[in-house]
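Based on these hints, arrange chain H on the given structure of chain D.
So the sequences go chain by chain: D and H.
Following my numbering, the numbering of the first sequence begins with 20 at its first residue and continues without gaps.
Following my numbering, the numbering of the second sequence begins with 1182 at its first residue and continues without gaps.
If you are wondering where the hints come from, they were derived from the structure by calculation, not from laboratory data.
Some hints here could point you the wrong way.
Said to hold, decoys possible - When the alpha-carbon atoms are kept at most 20 Å apart in a straight line, the in silico DMTMM-like pairs for lysine to aspartate or glutamate are as follows:
id, chain 1, residue 1, chain 2, residue 2
1, H, Lys1219, D, Asp117
2, H, Lys1301, H, Glu1194
3, H, Lys1437, H, Glu1409
4, H, Lys1249, D, Asp141
5, H, Lys1469, H, Glu1245
6, H, Lys1219, D, Asp145
7, H, Lys1220, D, Glu182
8, H, Lys1187, H, Glu1198
9, D, Lys25, D, Glu185
10, H, Lys1339, H, Glu1198
11, H, Lys1301, H, Asp1254
12, H, Lys1183, D, Glu24
13, H, Lys1183, H, Asp1208
14, H, Lys1378, H, Glu1413
15, D, Lys25, D, Glu182
16, H, Lys1220, D, Asp117
17, H, Lys1187, H, Asp1254
18, H, Lys1219, D, Glu185
19, H, Lys1437, H, Glu1455
20, H, Lys1249, D, Asp145
21, H, Lys1331, H, Asp1254
22, H, Lys1331, H, Glu1235
23, H, Lys1219, D, Glu194
24, D, Lys25, D, Asp145
25, H, Lys1339, H, Asp1254
26, H, Lys1434, H, Asp1399
27, D, Lys25, D, Glu194
28, H, Lys1220, D, Glu201
29, H, Lys1339, H, Asp1466
30, H, Lys1332, H, Asp1458
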Amino acid sequence: MAKIEKTEKTVVMTEGDMDRVLRRIAIEIIERNKGLEGIILLGIQRRGVFLASRLRKLFIEIENVKVPAGELDITLYRDDIPTLLEQPVVHSTSIPEDIAGKKLILVDDVLYTGRTIRAALDAMMDLGRPDNVQLVILVDRGHRELPIQADYFGKVVPTSSSEMVEVRVNEIDGEDRVLITEEVKEGLA
Amino acid sequence: MKWRHKGLIDLDEWNREELDIFLQQADYMEELLGRPIKKVPALRGKMIVNFFYEPSTRTKVSFELAEKMLSADVVNWSASGSSVSKGETMKDTAWTLEAMGADAVVIRHGAVGAADYLSKKLTRASVFNAGDGTHRHPTQALLDLHSAWKKLGKLDGKKVAIVGDVLHSRVARSGIKAFSKMGASVTVSGPETLMPKDIQSLGASFVSDTKKAIEEADILYLLRIQGERQEEGLIPSLDEYHLRYGATPELVKEGKVLIMHPGPINRRVEIASEVADGDNSLILDQVKSGVAVRMALLYLCLGGVRA
Chain D
20 MAKIEKTEKT VVMTEGDMDR VLRRIAIEII ERNKGLEGII LLGIQRRGVF
70 LASRLRKLFI EIENVKVPAG ELDITLYRDD IPTLLEQPVV HSTSIPEDIA
120 GKKLILVDDV LYTGRTIRAA LDAMMDLGRP DNVQLVILVD RGHRELPIQA
170 DYFGKVVPTS SSEMVEVRVN EIDGEDRVLI TEEVKEGLA
Chain H
1182 MKWRHKGLID LDEWNREELD IFLQQADYME ELLGRPIKKV PALRGKMIVN
1232 FFYEPSTRTK VSFELAEKML SADVVNWSAS GSSVSKGETM KDTAWTLEAM
1282 GADAVVIRHG AVGAADYLSK KLTRASVFNA GDGTHRHPTQ ALLDLHSAWK
1332 KLGKLDGKKV AIVGDVLHSR VARSGIKAFS KMGASVTVSG PETLMPKDIQ
1382 SLGASFVSDT KKAIEEADIL YLLRIQGERQ EEGLIPSLDE YHLRYGATPE
1432 LVKEGKVLIM HPGPINRRVE IASEVADGDN SLILDQVKSG VAVRMALLYL
1482 CLGGVRA
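Here chain D stands alone, though its shape is the one from the complex (with noise of 0.2 Å):
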């Protein structure tokens, strides 16, 4: 296989703007729920984990209440394994409490054909029921393939196929920032 070369062309958001969107989404998740009763976190691995997790901690600052916050990994749920060119590695789910009668916050960093999506609401519906489920994405890049949309959302950001959007966590990536990338294919420059 080529090596996968790729260049950065534009920079969505900044440490800044991921910080305030955020902020501006954990707002609204507490005024559309009326506070935060019966919520759950819960992350998409990987990196909606690390979303889930500052969710969490900015919900202390505002509303000074502790939000159980559990991670779910959809590997084993996913359709579209056969398309992918690396093996899929598992990685790990956990989940805080009994999710029947709660309020599932569902974060994931990127919105893009919706089947993430979809592979998450089966692996929740095996794991118990829930009374809803709210979407919270970072970025959607459009595309979509399934009739799946946000609740709450930081940036919509219209891309073509050919390009990805990165999404960049500190916790892993060493900084916050949100990239759209081009892959380079080797001999075309």
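Chain H alone, transformed into the frame defined by chain D:
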């Protein structure tokens, strides 16, 4: 990451890095065992044939559970009551299975090299060795590594003593290699009549004083003594075996060494009940690891796309 193996015949094919990745994956699979619905659609549409020429309980059941939890379609094929008992050769049976569309075959066979032979006859389907004669039992070694690794954090520098019928044991042969590959050192002990001549070449050293071998070990791995070894004159009697080589409370000091056994155990032969049921026994952890490890194996080898 790219997983380069499509099946598993012998752990010789795996390197240390792959073992490390594997153990972590098995850990995440174990989490599934605690869910209310222990089933994920990861291998939906894959057909797996469990082909057992020899009797087996835990290996067969844990492979089957792992397959079902990953939503594969499972077909069980045993030698008795099938075309095998009508004299069909393994090659023809293999081709029949493949013609039926099997994506993978899990095979247990009394002959050394059976799984390897089958994998060479099959063009498309993956083969998983569930034990071939006295040769190898790689998934047993993986589950042993997983339970020990989970308990101890890492296996580098640990000492493993394998005691019992090493000569007839595929569990020991695979275990010695696997533990060594993870950085542990392995000694074997037991009656000399039950020690293979090529023990050094396997990577283990023989310690004739079983008491000493156990004292120095972090893990005591006991092998099952089959009753027929007595009839064959390899051991004097089961009682005497128990006194000299068995894991008794006198020999195994409380809280010092972890106890492992591939099962099924012979109480009062290779292991005393107090030791088998004691706090330091990993025997049931091994059973639990058995399902998780086979899930990880099937998923890594059959999930995703093979380039």
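Unsatisfied constraints (hint numbers, rising): 3, 7, 11, 18, 21, 22, 23, 24, 25, 28
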